[in-house]
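Undergrad: Below are the chains, spelled out letter by letter.
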Amino acid sequence: MSKVEPRAAAPGEPERTPRPVVEPVPLPAGPGRPGRRARLSPARRREAWIGLAFVAPMLALFAVFRFGPTIGAALLSLTDYRLNGEWTFIGVANYTRLLGDDLFWESLGVTAVYTAVYVPMTVLLALGTAVLLHRTVWLRGFFRGLFFLPYVTSIVLAAVIWKWIYEVEDGLLNASLGALGLGPVDFLGDERLVLPSIAATAAWKGFGYSMLILLAGLQSVPREVTEAAVIDGASAWQRFRWVTLPLLRPVLFFVLVIEAIQAFQVFDAMYVMTAGGPVRASYSLVYFLYDSGFKFFDFGYASAIGLVLFLVVLVFSLIQRRLIGRETD
Amino acid sequence: MARLRLPVLLVLVAVVTVTPFVVMVLVAFAPYGGRTLPGALDVTRATFRNFSEILETADIARWAVNSLVYSLVSVLLILLFASMAGYAFAKKRFPGREVLFWAFLATLMVPFQATLVPYYILVSELGGVDTYWGLIVPTLANSQAVFLMRQFIVQLPDELFEAAKIDGASEWRVYTTVVLPLIRPILATLGVFVFLWHWNDFLWPLVIGQSEAMRTLTVGLATLEGENVTINQMMAGATITVVPCLLVFGLLQRYLTDSIATSGLKS
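These protein sequence lines map, in sequence, to chains A and B. The first sequence stops at residue 329 when you use our numbering, and every number in between is there. The second sequence stops at residue 267 when you use our numbering, and every number in between is there.
Covered stretches of chain B, going by a simulated chain A footprint (3 or more residues, C-beta under 8 Å):
{"no.": "1", "stretch": "6–13"}
{"no.": "2", "stretch": "115–124"}
{"no.": "3", "stretch": "240–250"}
FYI, nobody ran anything at the bench for these hints, they're computed from the structure. Don't be surprised by glycine CBs; every beta carbon is placed ideally from N, CA and C.
Between the sequences and the hints, there should be enough to build the whole structure, so can you do that?
TA: Structure (structure tokens):
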């Protein structure tokens, strides 16, 4: 299991190299503090400079393009910054405006429903194929690669292809349904079908990633445990339900949260397949953010939406860290 | 019977998985107007006409160059800067190391879209709209890359570096002649992933590349969608877009399970 969550566990991992004896040391910034710098041995000081020099390019990039915009987003959301660059501080007005904005609640609802449809769909598909692959030796590598294939393409490409597959006239799905004497079904034009249809496209595109992680999880289930269950006369389903699944729980949970975080940021597929329609039935939170920022150039407002998105993702991440931490303790 | 079921199921899922690709290619090579399936399935009448037409209507060649520049330059620079930072975080003691590493990692929790607006304002204030550097440079601050590099380098025994230093090699020389060759596997894996992330990236290139000439293939494909383009031409464009992914995917195959499952790589 431990193989799968370095992302969550690593920050808490104890440092392997011992801490410098003289910590805390000020950043070796200026010659103005000779007293404290003198406490570092020349060799240590040299090492510190070299370390900083090697981090410097990445640090500069992070300072300007990560830390900056993150703080900027928070500050911007408290202003009425628009395209002309003029702004005034308006406090939490953007947030109170959000609370009263039907579009915001609508897009939040669309995103929540989409997530609720997409996550089980993808994870079940991933789990099913992982179990299938785990139990076969026949061309396993080939199938694994094949199932992973859609993952390496872009969601835009998936959206373009599937948009055609879903078309009412001549689309692959409706042509097939027609041959069976069914349909036609307006997959993307029906308000109730549009989110499941987009979710299915995204699931097709994305399940390979979770499949690989689950497959690794399955392979780390000790053989003796399942063999013992076989000896006890457990059926294949019983073995899966009572032995494999509980052991797989941390990995399964990791995959669920990762996919939920992914789903909550949905935009590309909707932009290409439906343009948010019909009647905003696929108008997601990020779509709302995009429109506010880049169609109406309401930058402050768009930043406030961004902060809501951040908070949701943060909650998902914290739940994940907490639960995975507990499982591995 | 039970022994037969598994392969049958596998083949079934495999068929569903590849069908969209197969129809994409069939429709891309189908004769004009052959958008319905029986027509598209007639392989004997396959033609390159849709490809030549879409190359004429849309500036696909230029978009492909943009995508290549965006992806390849990013791969090179991210590999360089992230391996340097990873080396320092793993093997050098310097003040603020822990805090910085944490700060880098913490940015993973901030979804890109949440900071899209200040990002755009910053880059546009710096004059980066519709430029290659505006497209590329902001995406180089990649915390997953730094994290991966550090995790990999930390496992390498210190003696390797010390031996080189005793021989009188400079730090930069140690980095280029000892560190880089040792981390080749992780460089390859990460390189493949960064390429795919950037090749497939959508939102940032959409926002920052405002003129038609600065679109990437993915963005270009999305904008073609609304225009007067036949489905056959569209699928020809899609086929062109997917080919580099498949090539890079061929490279990735070897590393597939280990690297993805152990590192939690996801853009």
